[in-house]
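Engineer: Next come the chains, spelled out residue by residue.
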Amino acid sequence: MRRIIIFAALVTCVLLAGCDRDYYDPSYYKVENTYHHSTPGENYMSSLVRALVVDNLSAMESAQSFDHYDLWKSSFKTDSYVHGDKSLWDAGAEWTVNYVEAVKGVKIKKEAADSTWSMTRSKLYKVNSFDYPTDYTLILHMLPGGVYNHHNWEVTITNIERTERDGYSCHSWSDGPVSVLVADSDYWGSFSGQIYLTVKKGSEVIDNAFLAFVGNSDTFYFRDLH
Amino acid sequence: MGKRLLFLLCAVPALLLSSREATAQEGRSRMLGFLDELTVGFGGAPAGFVFEDGSNTDEDYYGSYSYLNTDLSGLYTPTVKNSVYSPVLFLETGTYLTSWLRLGLHLGYYHNRGESFLPISGDVTRSYSYKNFFILPQAKFIWLDSSLGYYLYSGVDVGCKLVRGHDGEDKISKVGFAGDLIPFGISIMGKKAVSISFESVFGSEVMGGRLSISYRF
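Chains A and B, in that order, are what the protein sequence lines are. Going left to right, the first sequence walks through residues 0 to 225 as numbering that gives the first Met the number 0 numbers them. Going left to right, the second sequence walks through residues 0 to 216 as numbering that gives the first Met the number 0 numbers them.
Derived by calculation from the structure, the hints in this document are not laboratory data. This one's a predicted model, so the numbers in the text were calculated from it and none came from an experiment. C-beta: ideal position from N, C-alpha, C; glycine also. Keep in mind that a hint or two might mislead.
To be verified - Distance windows between CB atoms, simulated:
1. A/E100 with B/F140: 39 to 45 Å
2. A/P132 with B/R125: 57 to 63 Å
3. B/F140 with A/R164: 37 to 43 Å
4. B/G167 with A/T119: 38 to 44 Å
5. B/I171 with A/R164: 18 to 24 Å
6. B/W142 with A/S46: 34 to 40 Å
7. A/G214 with B/K130: 50 to 56 Å
8. B/L88 with A/F221: 37 to 43 Å
9. A/G214 with B/F197: 28 to 34 Å
10. A/Q193 with B/L88: 25 to 31 Å
11. A/E100 with B/F183: 42 to 48 Å
12. A/S46 with B/V193: 57 to 63 Å
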């Protein structure tokens with residue numbers, strides 16, 4: 000019996016020692032203030048911009064499809080999908096697109112009879128599983144080329160304002176247009192352009208960052224730009 | 000809630016004591032004929048360890064691409080935790096009311112502590128430490144009492160837990176529900192009054208199993 004007790008005591012000691020360890024390594028999350036890949040900040044910016052751009056392009060192209068087949072003026076009830084007063088290609092057209100759930104209610108406006116539209120929305124928008132009030136204005140310019148129903152685009156991010164919990168907010172914009180091209184598959188996979196992000200806590204700016212998209216393979220990320 | 004808890008805590012020991020005489024006459028567990036049992040042991044993993052979701056910067060995967068699923072709060076002031084848990088240590092008393100029913104009281108304890116840190120610098124922003132005590136009236140049902148010197152059982156324990164500690168500057172002291180389901184357990188008897196038991200446990204405090212040593216008298 001003494002052996003059993005000693006054995007049990009030994010097992011207990013081993014288990015106690017085994018449980019007393021860290022399973023999170025803080026150094027994993029450290030970010031250098033220089034060029035860096037796959038950092039949390041890059042993840043955040045990249046997720047925000049890519050998701051927003053792709054969702055809005057999807058809404059834009061769905062509206063174009065409705066326009067192409069004249070569904071927007073059909074007698075069927077299309078308001079649950081799109082609502083427009085004139086063809087999407089006519090100068091002065093104003094549409095509301097409800098077809099893409101992520102950006103439901105986005106407004107599309109056209110100033111002139113060219114291939115440029117503006118998209119605005121001021122509602123909750125989900126990025127990384129988090130829904131927050133997000134206001135944005137994008138200028139979309141359609142480029143030649145594409146696959147199936149997807150075109151190549153130039154997207155200028157005039158302004159993204161996002162208000163999050165605990166007093167955090169951010170402001171993002173692009174330095175000129177971002178080329179968003181249809182990649183090998185029939186989806187937008189190639190981004191080229193430069194994005195800025197300013198992060199505030201309350202009214203104080205706590206961070207500045209810069210993200211350069213370079214095609215479909217890489218991004219460059221810089222922090223603490225002053 | 001308080002009165003019910005008090006009743007439960009008083010009723011079980013009273014039941015255990017009052018059952019002694021009756022049990023002695025009815026016949027005890029056929030294994031060794033002892034009436035009462037005192038058990039010490041440990042269990043793992045603490046359910047808090049298994050279910051902990053203290054991080055707001057989860058890593059998600061999309062195909063081979065991984066990204067941190069976070070918002071700005073998670074990025075700049077995360078609740079990423081660096082946690083340490085002790086095993087669940089417990090003390091149990093029990094009495095065999097019949098050859099198939101054992102009622103008892105299970106007292107358990109474990110400790111967990113940890114800290115949060117900033118993702119940018121790795122600096123620790125907050126530390127926390129909790130001591131978890133629980134008191135669980137327990138019933139075990141012996142469904143195979145082998146002449147080879149072991150018995151198999153299932154059981155359940157339901158009671159309350161007390162959590163005390165601090166989370167940053169805040170002192171924490173709260174009472175909550177606690178309970179375990181024991182789908183399967185085996186107790187192996189020694190030649191004398193000592194037995195070793197292993198039981199699988201799924202509950203609010205332990206998810207996994209418990210190993211224990213018991214003395215019968």
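Engineer: Would you mind marking each hint as holding or not holding in the structure?
Structural biologist: Tested hints:
1. A/E100 with B/F140: 39 to 45 Å: For B/F140 against A/E100, whose Cβ atoms are near 51 Å apart, the range 39 to 45 Å is violated.
2. A/P132 with B/R125: 57 to 63 Å: violated, 28 Å
3. B/F140 with A/R164: 37 to 43 Å: About 49 Å separates the Cβ atoms of B/F140 and A/R164, which means 37 to 43 Å is violated.
4. B/G167 with A/T119: 38 to 44 Å: holds, 41 Å
5. B/I171 with A/R164: 18 to 24 Å: The hint (18 to 24 Å, Cβ to Cβ) holds, given that B/I171 and A/R164 are roughly 22 Å apart.
6. B/W142 with A/S46: 34 to 40 Å: Violated, at about 54 Å.
7. A/G214 with B/K130: 50 to 56 Å: holds, 55 Å
8. B/L88 with A/F221: 37 to 43 Å: With Cβ atoms ~51 Å apart, the hint is violated.
9. A/G214 with B/F197: 28 to 34 Å: violated, 58 Å
10. A/Q193 with B/L88: 25 to 31 Å: Violated - the Cβ-Cβ distance for A/Q193 and B/L88, about 57 Å, lies outside 25 to 31 Å.
11. A/E100 with B/F183: 42 to 48 Å: Holds, at about 46 Å.
12. A/S46 with B/V193: 57 to 63 Å: At 59 Å between Cβs, range holds.
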